[in-house]
Amino acid sequence: MEECDHLLLIQAEFDGELDAAEAARAVNHRASCAACRAAYAEFEAARKLIHADAPYHRAPESLRRAIIKGLSAKAPERPRGPAWWREGLSFGLGVALAASIAVLVIAPGQQNMIDEVVAGHVRALQPGHLEDVVSTDQHTVKPWFDGRLDFAPPVKDLAAKNFPLLGGRLDYLDGRPVAALAYGRDKHIIDLFIWPGSGGSAPSTATRNGYNVVHWSAGGMTFWAVSDLEAGQLRDFVQLWQAEN
Amino acid sequence: MSELHATSVNRGFEAVILPHLDAAYNLARWLTRNSADADDVVQEAMLRAATYFSGFRGTNPRAWLLQIVRNVAYASKNLMRGAALVPLPGDGEGTAQMPELADPGDDPETALMRRDDARRVTRLLASLPAELRETMVLREIEELSYKEIAQITEAPIGTVMSRLSRGRKLLAGAVAAEQG
Numbered sequence: 001m002e003e004c005d006h007l008l009l010i011q012a013e014f015d016g017e018l019d020a021a022e023a024a025r026a027v028n029h030r031a032s033c034a035a036c037r038a039a040y041a042e043f044e045a046a047r048k049l050i051h052a053d054a055p056y057h058r059a060p061e062s063l064r065r066a067i068i069k070g071l072s073a074k075a076p077e078r079p080r081g082p083a084w085w086r087e088g089l090s091f092g093l094g095v096a097l098a099a100s101i102a103v104l105v106i107a108p109g110q111q112n113m114i115d116e117v118v119a120g121h122v123r124a125l126q127p128g129h130l131e132d133v134v135s136t137d138q139h140t141v142k143p144w145f146d147g148r149l150d151f152a153p154p155v156k157d158l159a160a161k162n163f164p165l166l167g168g169r170l171d172y173l174d175g176r177p178v179a180a181l182a183y184g185r186d187k188h189i190i191d192l193f194i195w196p197g198s199g200g201s202a203p204s205t206a207t208r209n210g211y212n213v214v215h216w217s218a219g220g221m222t223f224w225a226v227s228d229l230e231a232g233q234l235r236d237f238v239q240l241w242q243a244e245n
Numbered sequence: 001m002s003e004l005h006a007t008s009v010n011r012g013f014e015a016v017i018l019p020h021l022d023a024a025y026n027l028a029r030w031l032t033r034n035s036a037d038a039d040d041v042v043q044e045a046m047l048r049a050a051t052y053f054s055g056f057r058g059t060n061p062r063a064w065l066l067q068i069v070r071n072v073a074y075a076s077k078n079l080m081r082g083a084a085l086v087p088l089p090g091d092g093e094g095t096a097q098m099p100e101l102a103d104p105g106d107d108p109e110t111a112l113m114r115r116d117d118a119r120r121v122t123r124l125l126a127s128l129p130a131e132l133r134e135t136m137v138l139r140e141i142e143e144l145s146y147k148e149i150a151q152i153t154e155a156p157i158g159t160v161m162s163r164l165s166r167g168r169k170l171l172a173g174a175v176a177a178e179q180g
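Chains as they are written, first to last, in the working numbering: chain S, 1 to 245; chain U, 1 to 180.
One chain only, chain S, in its complex shape (with noise of 0.2 angstroms):
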């Protein structure tokens, strides 16, 4: 039998979706349709089906005792961070070599964060958890932010400049749900964390376990790119993206 026009409207009717008004007229409609009263002992059947065989999957006690105690795991506060001057002298050595912009080393207070950003960044290299919406257009990217985050972060599209823009999800650092871009540069993946914070700085830099980090901020918001893209190439995508409105 053709489908009919209507079969959406009855369909909402069948699942309580109209008001009065609505439904009298698809309730009428349906008096004087035969297609859409085959359609709607369709949906009448298929839902007896559902409500008398298919079974309503209950959590594990197992699993739930987990999750609980996974929950707990979690709560007491990040051991402070190493001692940070040992990485500061062994990131000096990179500084050296950094001529295009002016680097600072990211300062001692901020060694906290250097941690946290290398750890999300190492996280989302899992496989499955680099982006949660897919675009390399940043049109697409931009608007997918509005509604999870309480702040709209800048988003920039470098792919004339050979860092196509990959994606973009949420993370959590500093407290807070950040907003978190994924550039790509050959094989390599850089992680763009931002999220709202005061002042403008120049990009400042440090390495971590084999991991690049530069942060700098602008325009209210404060940037932590990480990567393991070779320091200088890092240093770029940084100016690039600065550069690029």
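Don't read these hints as lab results, they were simulated from the structure.
All C-beta atoms, glycine included, are put in the ideal place defined by N, C-alpha and C.
One should not assume that every hint holds.
Here are some, though not all, of the chain U residues that point toward chain S, as calculated from beta-carbon distances under 10 angstroms [as the list claims (entries may be wrong)]:
#  : residue
1  : Val16
2  : Tyr25
3  : Asp37
4  : Asp39
5  : Ala50
6  : Thr51
7  : Phe56
8  : Tyr146
9  : Leu170
10 : Val175
Please build the complex by placing chain U on the supplied structure of chain S, with the hints as guidance.
Quick look at chain U alone, frame taken from chain S:
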């Protein structure tokens, strides 16, 4: 984050999100079609939910959690995409999209159900393509509204409606066909 704050966030999470653990598991179980994968998906989803919880401003924690579950399930493998098809005579639309009957990747549980006529609805529902299956499960088992399903599956309401009608038609038609 101070320890005190972390603890109060956890309490909020336990009160607001944990009551929807069964719903999370049900969706994960229907999407992955086996309990081991469902366990993994729910664990990961709860971890993510706990991480993002302090940023949750919505009024519908169940839909919010189910959206995360779905994202994790889809990201975890290509497990639900190429769902096995129960061919429906005369239904060109369905057969074009789902060319296979047997799914060699089925777990033993599914294989058992395959032999069990009494569980045919479960089997038929599990054989629907993921987009139709999740929509059917959310509407008919979880009894959510179109709007909630649209949010969870990140699809327009019109798409939810047409998926529902296709899913229902496939299910009712398949059962009728089996009964001869």
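Results of checking the hints against the structure:
Of the supplied interface hints, the one on Val16 of chain U is violated, with its beta-carbon coming no nearer than about 12 angstroms to a beta-carbon of chain S, more than 10 angstroms. Checking Tyr25 of chain U against chain S: minimum C-beta separation of about 4 angstroms stays under 10 angstroms; hint holds. Nearest Cβ of chain S to the Cβ of Asp37 of chain U: about 12 angstroms, over the 10 angstroms cut. The hint is violated. Because the beta carbon of Asp39 of chain U sits about 6 angstroms from the nearest beta carbon in chain S, less than 10 angstroms, this interface hint is met.
A distance limit of 10 angstroms between C-beta atoms decides the matter here; for Ala50 of chain U the minimum to chain S is near 6 angstroms, and the interface restraint holds. Look at Thr51 of chain U: its Cβ gets to within about 5 angstroms of chain S, closer than 10 angstroms, so that hint holds up. The beta carbon of Phe56 of chain U comes within 9 angstroms of a beta carbon in chain S, closer than 10 angstroms, and the hint placing it at the interface holds. Here the hint on Tyr146 of chain U is kept, as its CB sits about 6 angstroms from the closest CB of chain S, short of 10 angstroms.
Among the interface hints, the one on Leu170 of chain U holds; its C-beta lies about 9 angstroms from the nearest C-beta in chain S, closer than the 10 angstroms criterion. With 10 angstroms as the threshold, the beta carbon of Val175 of chain U comes within range of chain S, its nearest partner Cβ sitting at about 6 angstroms, so the hint holds.
Hint check: violations occur at hints 1 and 3; the rest are consistent with the structure.
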